[in-house]
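Here the structure of chain E is known, so what remains is to put chains B and W in place on it, guided by the hints.
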Amino acid sequence: MKRQLPIIIIFILGVFMVFQYHIPHETSEFFYEFIALDWPPIIGMFALTLGIISLVRVSITRVRQRQDNWQYSIVTLVALTTIMAAGFIDTRGADAPPVRWMFDNMIIPVSSTMFSLLAFFIASAAYRAFRARSVLATILLVSAVIVMLRFFPLGPLTDPESELSRWILTVPNLAAKRAIIIGVGLGIVSTALKVVLGIERSFLGRD
Amino acid sequence: MGMFERLMALDRRWVYLILGLAVMAGVKARIIIPIPISQEARRIHGFVDSLQAGDAIHLAMDYDPSVMAELQPMTLAFLKQCFEKRIRVVVSSLHQFGPALAAGALDTAVARHFERTGERIENGVDYVFLGYKPYPALIILGMGQNYRIPFPNDYYNVPLDDLPMMRDIKNYDDVKAVINISGTSATDWWISYGNGRYGIPLAIGVTGVMATDYYPYLQTGQIFGILGGLEGAAQYEMLVNTPGPAVEGMSVQMIAHAIIILFIIVGNVAYFARRKSLPQGSGSV
Amino acid sequence: MDWGTLIATTIAAFITLAIFSFLYKDNPFYKFAEHMAVGLSAGYWVLILFHNVAIPNVYQRLMDGQWWYIFPTILGALMWTRFSRKASWISRYPLAFYIGIATGVAIPLEMRAKVIEQLNGTVGLIEYWRSPGALFLTSFNNTLILVGVVAGLVYFFFSKEHKGVTGVTAKFGIGVLMIGFGAAFGFTVMARISLLIQRVQFLFFDWLHWY
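Chains as they are written, first to last, in the working numbering: chain E, 1 to 207; chain B, 1 to 285; chain W, 1 to 211.
Residues of chain W clear of chain B, computed beta-carbon distances all greater than 10 Å:
hint : residue
1    : 28
2    : 31
3    : 89
4    : 157
Result set (SDA-like, lysine to any residue): computed pairs, CA atoms no more than 20 Å apart in a straight line:
hint : chain 1 : residue 1 : chain 2 : residue 2
5    : W       : 86        : E       : 47
6    : B       : 276       : E       : 137
7    : B       : 170       : E       : 26
8    : E       : 2         : W       : 90
9    : W       : 86        : E       : 4
10   : W       : 31        : E       : 81
11   : B       : 276       : E       : 134
12   : B       : 28        : W       : 209
13   : B       : 85        : B       : 123
14   : B       : 28        : B       : 244
15   : W       : 31        : E       : 70
16   : W       : 31        : E       : 114
17   : E       : 2         : W       : 82
18   : W       : 86        : E       : 53
19   : B       : 28        : W       : 210
20   : B       : 170       : E       : 29
21   : B       : 170       : E       : 31
22   : W       : 25        : E       : 114
23   : E       : 2         : W       : 88
24   : W       : 31        : E       : 66
25   : E       : 2         : E       : 200
26   : W       : 171       : E       : 139
27   : W       : 171       : E       : 141
28   : W       : 163       : E       : 136
29   : E       : 2         : W       : 86
30   : B       : 28        : W       : 211
31   : W       : 25        : B       : 13
32   : B       : 85        : B       : 118
33   : W       : 31        : E       : 56
34   : B       : 176       : B       : 224
35   : W       : 86        : E       : 1
36   : W       : 25        : B       : 9
No lab work stands behind these hints: they were computed from the structure. What you are looking at is a predicted structure, and each value in this text was computed from that prediction instead of being measured. A virtual CB, placed ideally from N, CA and C, is assigned to each residue, including glycine.
Chain E with its partners taken away, still in its complex shape (with noise of 0.2 Å):
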């Protein structure tokens, strides 16, 4: 009831959708649509909503035991509520004025410069760490400069039509990025299948 009922879901559920896909019939479609469609959106509604009172309570705790920088999570608590209250106090929700005002003012300027700081970054590690250390290490650094050089107008090298740059993109890229992906669909797909036949099953979690 514990274990082996949720792995005898997945096993029916995940080998009748890939039947579906092959043999669609008019039941199947209709399980497709009505069901397999049309509840997950509601069951993720309820699962996201598990990290966010997660962080409410570990926000709670932290004020409660004067943890460490606790007075951050005051301001995290504070700043959730607030942005709640005008949401739920105004009919259209997270299209409500005050909310987009936040979301424009405050939200968009931290998530936008947090990951500018990366762009520094990026820059100390081209200084610090990219060298030409081994054959590989070399191809490497090559590679990204005549890509980066793609701004510059340097004749031949750079020329939109024989680029070099352009070449790298659609030839050896091509080549190592699609290696990656048949690997990566190679490891989705068996995955996949270790999950649906219960082979794989540490997403349960412990007893």
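Relative to chain E, chains B and W alone:
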């Protein structure tokens, strides 16, 4: 300490400062450089250009604020082209922080179109914004059967059946293509599930980080075009004759790239010079 | 510019600078902005889930008499048993339902898009040789792609020791992969710089109006 040692031990904050100042100077200078247009961008533009007024297209905006710098200019340029050609746009956003960006982009594109032409683009008639649902892979499949399965209502909570535009749009059969502008793995699902199961023509606009990964799909025809990062956005801005932040950004990219290439060279010269000066077997750091 | 916009952009600008201050070192301004964004983002997500899923997909459908939507709702709510130590096993049912469907649809579709189509595309390159007016350069490139893909796959194939022919092929494969990673690095540089450019454009143009 010799010069090379000193160079190798340079505090990373100097590197930050040099890059920061260069980017600031570049942004302030506002230089426009010529932008070569790639075939991949041309193909997307040409495809949309070949559509008739009244045709519908699906714009999937699956990204969040962290990558909007690269992708929002693409979206705006693309919407401009659609609105000018009077192509109807179905917009979805399968990233939880995407809807506000999508709604903002639609508002901006509608306002700009009105300023330029005096024509009003109406929600529900010229475009529909579906909003967000969790589990992108299954939502993509759901929309392939019927948009109403995952999205009984649009983002503004109006039933799809009440929207004039959706009367003749049931699923992907009724849109000419999906253009996926994305900073997430949703692109993979659009390829495997949207194109794979329903055969919908698909083109993608992705972040620079992702761009090189999708060239294999271009060769197989699973996608018919790629816009890669700010460069792709700048190309599209040029194609729709509206140079904007992306086009302006390209001269700054040139400066920043020159600096990073210089960093790589200096770093390597210092490394090799230092290694040479060290006695054999003392290892390298 | 009206006062509202000025205040809004000033707040956004201060938040931007607070995050940038991390480059010097971690500090309370950075921590404040970061924690605020975590709270706001989580709250925004709740609102999106509530107004974009709970209302249209559950509440309105139930109100319209589509009573059967009570089933996915109950199934979904079972996810919350995770918070109880004793009852957390019940959350495996909704999880099993989702995983069963998601893996079931993935198997044929991922196999097709990522494996079969890619192999087709690679093998199809050989056909080009025979087409009339085939260009030497294109044929050369096609061959290179074919060899590169095969060599890359050999490199990933760990069931046989990388020695002899396998070893040479795998070495060539890793070389091709390195070119691919180099290209990705080059594009990543552009991506990261783009984000920085946009923030500087915001500070200079939208906030300071310093054109």
